[in-house]
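Visitor: Here are the chains, one letter per residue:
Protein chains: 2
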Amino acid sequence: MTYRAFINFLCLGNRAVTILNRSSGHIQMGIRNIASQAESGFNPAKVAVVTKMTRYEFEQQRYRFSELSEEDLKQLLALKGSSYLGLLERHNIHTRNVEHIVESLQKEGMEVRVVKRGQYDEETVRWADAIISAGGDGTMLLVASKVFNKDQPVLGVNTDPERSEGHLCLPVRYTHAFPEALQKLRRGQFRWQWRQRIRLHLEGTGINPTPVDLHEQQLSLEQHNQAHRITLMEAQRSEACSLSKPYLLPVRGLNEIFIGESLSSRVKYKSFKPHLTLSLHRASYYEISVDDGPWEKQKSSGLSICTGTGSKAWSYNINKLVEQAVGEVLRIGKAQMGLDIPLSQELVEKVTDEYNKSLVFGPEEGRMIFSIREPIVNRVFSSSRQRGFANRVCVRSRCWDACMVVDGGTSFEFNDGAIATITMNEEDQLRTVLLEN
Amino acid sequence: MTYRAFINFLCLGNRAVTILNRSSGHIQMGIRNIASQAESGFNPAKVAVVTKMTRYEFEQQRYRFSELSEEDLKQLLALKGSSYLGLLERHNIHTRNVEHIVESLQKEGMEVRVVKRGQYDEETVRWADAIISAGGDGTMLLVASKVFNKDQPVLGVNTDPERSEGHLCLPVRYTHAFPEALQKLRRGQFRWQWRQRIRLHLEGTGINPTPVDLHEQQLSLEQHNQAHRITLMEAQRSEACSLSKPYLLPVRGLNEIFIGESLSSRVKYKSFKPHLTLSLHRASYYEISVDDGPWEKQKSSGLSICTGTGSKAWSYNINKLVEQAVGEVLRIGKAQMGLDIPLSQELVEKVTDEYNKSLVFGPEEGRMIFSIREPIVNRVFSSSRQRGFANRVCVRSRCWDACMVVDGGTSFEFNDGAIATITMNEEDQLRTVLLEN
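First to last, the sequence lines map onto chains A and B.
Numbering-wise (the numbering used here), the first sequence opens with residue 1 and increments by one.
Numbering-wise (the numbering used here), the second sequence opens with residue 1 and increments by one.
Note that these hints are calculated values from the structure, not bench results.
It cannot be assumed that every hint is accurate.
As the list makes no split between identical chains, a pair holds if one copy fits it or if it spans any two.
In silico lysine-lysine, PhoX-like type, Cα no more than 25 angstroms apart, as pairs [said to hold, decoys possible]:
(1) Lys299 to Lys334
(2) Lys357 to Lys107
(3) Lys312 to Lys297
(4) Lys357 to Lys184
(5) Lys320 to Lys116
(6) Lys184 to Lys320
(7) Lys320 to Lys334
(8) Lys74 to Lys350
(9) Lys350 to Lys334
(10) Lys334 to Lys357
(11) Lys107 to Lys184
(12) Lys46 to Lys320
(13) Lys184 to Lys74
(14) Lys46 to Lys107
(15) Lys320 to Lys299
(16) Lys150 to Lys320
(17) Lys320 to Lys297
(18) Lys320 to Lys350
(19) Lys299 to Lys350
(20) Lys357 to Lys320
(21) Lys245 to Lys74
(22) Lys334 to Lys46
(23) Lys357 to Lys245
(24) Lys350 to Lys46
(25) Lys116 to Lys245
(26) Lys299 to Lys116
(27) Lys107 to Lys312
(28) Lys350 to Lys107
(29) Lys350 to Lys312
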């Protein structure tokens with residue numbers, strides 16, 4: 001067959017376009033509902049409350065799947081060292097906190113829709129003037145992932161403060177005092193916080209602009225069977241899809257973009273047992289150019305590009321040093337410099353603290369930090385800079401079976417021949433609120 | 001149903017036993033063949049040569065799968081920015097080097113069996129007096145994974161020295177001068193290198209002692225369909241399998257054991273598309289006790305426990321520091337100490353070098369290094385020691401859907417309730433050779 005026919009035969013261009021329209025879709029819808037709010041305080045008429053799935057619900061769904069009774073579930077959890085009653089208690093705490101939020105909103109005369117994270121979709125986003133995430137940071141990331149309108153406010157309420165951090169949520173005391181938070185919001189006793197987000201352009205070959213949702217941990221059996229009907233040819237096609245001009249992906253990164261090998265597509269037509277797809281230490285090959293600088297070959301356990309919001313999340317854990325390492329470096333340095341001043345634990349803590357602080361920056365800053373994770377240095381690959389600030393990062397994939405994952409929630413194929421351009425844009429800011437404790 | 005009946009109903013005990021017998025199986029067989037060699041030089045009568053799968057073969061198999069012609073394959077690779085001829089050239093280099101090895105062995109009157117890595121099995125191990133891995137380190141790890149007899153020598157020959165490092169292989173010059181290597185081996189002009197390996201005992205619940213092979217990236221369609229017949233109930237059962245006394249797993253770790261969350265079993269009955277199973281930054285919860293010390297709660301991107309051999313591999317990349325980080329720590333330390341001595345690039349290099357050297361130790365040493373990967377420190381989790389030497393590491397899983405992966409090749413479920421004891425034992429040494437360059 002001819003080259004052109006071959007590309008056409010392999011492409012999924014139309015699928016890509018559909019998504020483009022869908023996503024720009026909400027942007028228009030959204031503006032109509034909310035534009036008015038931008039100036040005034042927080043006075044939404046319609047609020048969607050998106051709730052997390054608790055571990056209790058997860059286990060229930062999982063075992064109902066295999067037709068076990070409630071009694072069996074108790075025994076099964078006991079076997080696994082988890083307490084059924086413990087999970088139930090956390091579940092009830094979450095549920096009570098959600099009810100508290102909903103009642104508070106209704107008392108203020110707002111129309112409320114409670115949506116389980118599994119049911120959260122574009123329609124909900126279009127309907128709502130504001131969205132409240134009721135769960136932890138994971139739920140907040142999911143909620144934000146579908147919001148493309150910088151005028152549509154998104155709030156996070158941590159519904160289990162004892163067990164989760166909730167960096168993206170309101171101060172924890174408002175979990176139990178939500179009416180007070182609402183009063184402050186209505187009176188404008190808060191500050192809008194515009195969290196910068198990352199946008200992605202893809203071009204070249206070996207890519208598939210169709211996003212795959214990782215957020216949803218549960219699917220109905222039908223969808224499950226659907227998924228199994230995916231043929232290899234389809235996988236082939238998507239893998240070889242070729243885009244002539246940069247394509248703006250229909251997602252925005254609030255925390256980070258992670259690029260890495262998965263190995264899994266090698267085994268995808270072999271089995272879907274979990275183990276077969278775990279290969280965390282498979283090295284990723286790629287070329288990177290920072291702020292239009294020269295292309296540099298890299299081999300590592302992946303590449304992370306984060307926002308100020310994300311600089312406190314995974315990126316922080318990739319880059320931070322523990323006191324043990326800092327202490328050893330200082331000891332070696334002292335010896336090498338021939339100094340014999342004492343090295344106090346206090347000093348080690350100070351240095352560690354100052355070093356780690358340098359890895360964090362503000363959510364509203366229009367720059368990113370890129371981090372080469374576990375760089376592999378050998379005669380073929382150098383690693384001049386392991387991390388740094390950047391306004392624009394370009395990555396050319398040399399991977400066999402890689403993915404580009406946005407906020408650990410949405411994934412895109414990113415194989416040999418694909419080029420990603422990672423930037424920030426004012427339009428993409430997420431509108432959240434900053435409320436004093 | 002009763003508790004006991006419930007456990008029985010859920011257990012796979014018999015499957016586990018089968019494996020145990022199989023593995024101890026080769027140990028006896030092996031000794032008969034090879035015991036004599038232990039004293040003398042290297043004079044095997046029967047040699048198995050296990051060959052890697054080249055990228056060319058991989059792509060071919062992959063696309064033959066979807067009934068593409070050789071011509072289509074060329075175009076498809078071109079689309080992905082890879083060169084068909086380039087892959088073919090590397091393939092031919094590998095093939096020539098394998099032929100060179102085989103002919104050299106036959107000239108010495110040895111009986112040779114060439115086995116593709118996909119066909120390498122216990123029967124091959126039983127048959128052979130010695131095994132030669134013809135590929136890179138990955139092939140060597142696969143070969144070693146099936147050898148349980150410390151008297152059965154395993155050699156690695158790097159069949160593509162220009163492209164791979166081959167730390168576990170003979171010096172690269174012997175790739176093209178294999179007869180010379182053979183002469184030295186026969187005359188005993190070498191030293192046996194006994195590489196220590198890690199053994200694993202599993203107990204508790206939430207485990208499945210059945211190993212899953214990740215080494216094989218290719219499977220026949222039949223096996224593929226087999227895999228799809230795995231029912232959820234089966235997954236449930238294995239997950240909840242309960243072992244009363246510690247069970248010695250039928251594998252030995254030459255490089256390392258990695259424990260981490262996979263998320264994938266949450267989506268395994270959803271789809272087997274690669275993306276769905278990639279969630280590299282899902283935190284793993286577990287408790288760890290080093291050298292029978294107190295149990296410490298940990299939350300991190302996984303846990304690695306490596307041998308001296310493995311201390312140059314993944315573990316090294318997890319722990320090593322780049323000059324950028326060392327330079328910053330020294331600068332901060334200098335400032336904090338109020339010193340204004342200059343900080344030369346040379347010093348930074350020296351310190352980095354000395355620090356990274358401290359992460360590596362000899363393959364024959366009977367100790368391990370544990371590394372907590374990207375530890376998460378917050379009000380709930382401390383991280384006193386991120387890494388250190390150990391003779392015995394115990395890990396109690398608090399993970400939902402975790403795996404314990406041996407040398408990136410064999411995986412075991414390791415969920416909530418499971419306890420792993422990680423040690424070293426003289427019996428488990430892998431017998432390799434040290435040949436001067």
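Visitor: Next step is simple, just say for each hint if it's right about the structure.
Guide: Hints versus structure:
1. Lys299 to Lys334: neither (32 angstroms within a copy, 32 angstroms between copies)
2. Lys357 to Lys107: neither (42 angstroms within a copy, 65 angstroms between copies)
3. Lys312 to Lys297: Close across copies (21 angstroms), not inside one copy (27 angstroms); limit 25 angstroms.
4. Lys357 to Lys184: neither (31 angstroms within a copy, 57 angstroms between copies)
5. Lys320 to Lys116: neither (35 angstroms within a copy, 43 angstroms between copies)
6. Lys184 to Lys320: neither (36 angstroms within a copy, 49 angstroms between copies)
7. Lys320 to Lys334: both (22 angstroms within a copy, 19 angstroms between copies)
8. Lys74 to Lys350: Cα proximity of Lys74 and Lys350: none, with 48 angstroms in one copy and 58 angstroms across.
9. Lys350 to Lys334: Both, since 16 angstroms and 12 angstroms are each at most 25 angstroms.
10. Lys334 to Lys357: both (23 angstroms within a copy, 17 angstroms between copies)
11. Lys107 to Lys184: within (15 angstroms within a copy, 88 angstroms between copies)
12. Lys46 to Lys320: neither (42 angstroms within a copy, 52 angstroms between copies)
13. Lys184 to Lys74: neither (43 angstroms within a copy, 64 angstroms between copies)
14. Lys46 to Lys107: Answer is within; shortest intra-copy Cα gap is 13 angstroms, inter-copy 84 angstroms.
15. Lys320 to Lys299: For Lys320 and Lys299, the Cα distance is within 25 angstroms both inside one copy (20 angstroms) and across copies (15 angstroms).
16. Lys150 to Lys320: Neither: 32 angstroms inside a chain and 41 angstroms across chains, both beyond 25 angstroms.
17. Lys320 to Lys297: both (24 angstroms within a copy, 19 angstroms between copies)
18. Lys320 to Lys350: Intra 14 angstroms, inter 22 angstroms, cutoff 25 angstroms: intra and inter.
19. Lys299 to Lys350: Close across copies (23 angstroms), not inside one copy (33 angstroms); limit 25 angstroms.
20. Lys357 to Lys320: Both. Shortest intra-copy (9 angstroms) and inter-copy (20 angstroms) distances satisfy the 25 angstroms Cα cut-off.
21. Lys245 to Lys74: between (55 angstroms within a copy, 23 angstroms between copies)
22. Lys334 to Lys46: This pair counts as neither: shortest intra-copy Cα distance 62 angstroms, inter-copy 56 angstroms.
23. Lys357 to Lys245: neither (39 angstroms within a copy, 47 angstroms between copies)
24. Lys350 to Lys46: neither (48 angstroms within a copy, 62 angstroms between copies)
25. Lys116 to Lys245: neither (38 angstroms within a copy, 42 angstroms between copies)
26. Lys299 to Lys116: neither (40 angstroms within a copy, 27 angstroms between copies)
27. Lys107 to Lys312: neither (35 angstroms within a copy, 63 angstroms between copies)
28. Lys350 to Lys107: neither (49 angstroms within a copy, 66 angstroms between copies)
29. Lys350 to Lys312: within (19 angstroms within a copy, 31 angstroms between copies)
Violation of the numbered hints given earlier is confined to hints 1, 2, 4, 5, 6, 8, 12, 13, 16, 22, 23, 24, 25, 26, 27, 28; the remaining hints are satisfied by the structure.
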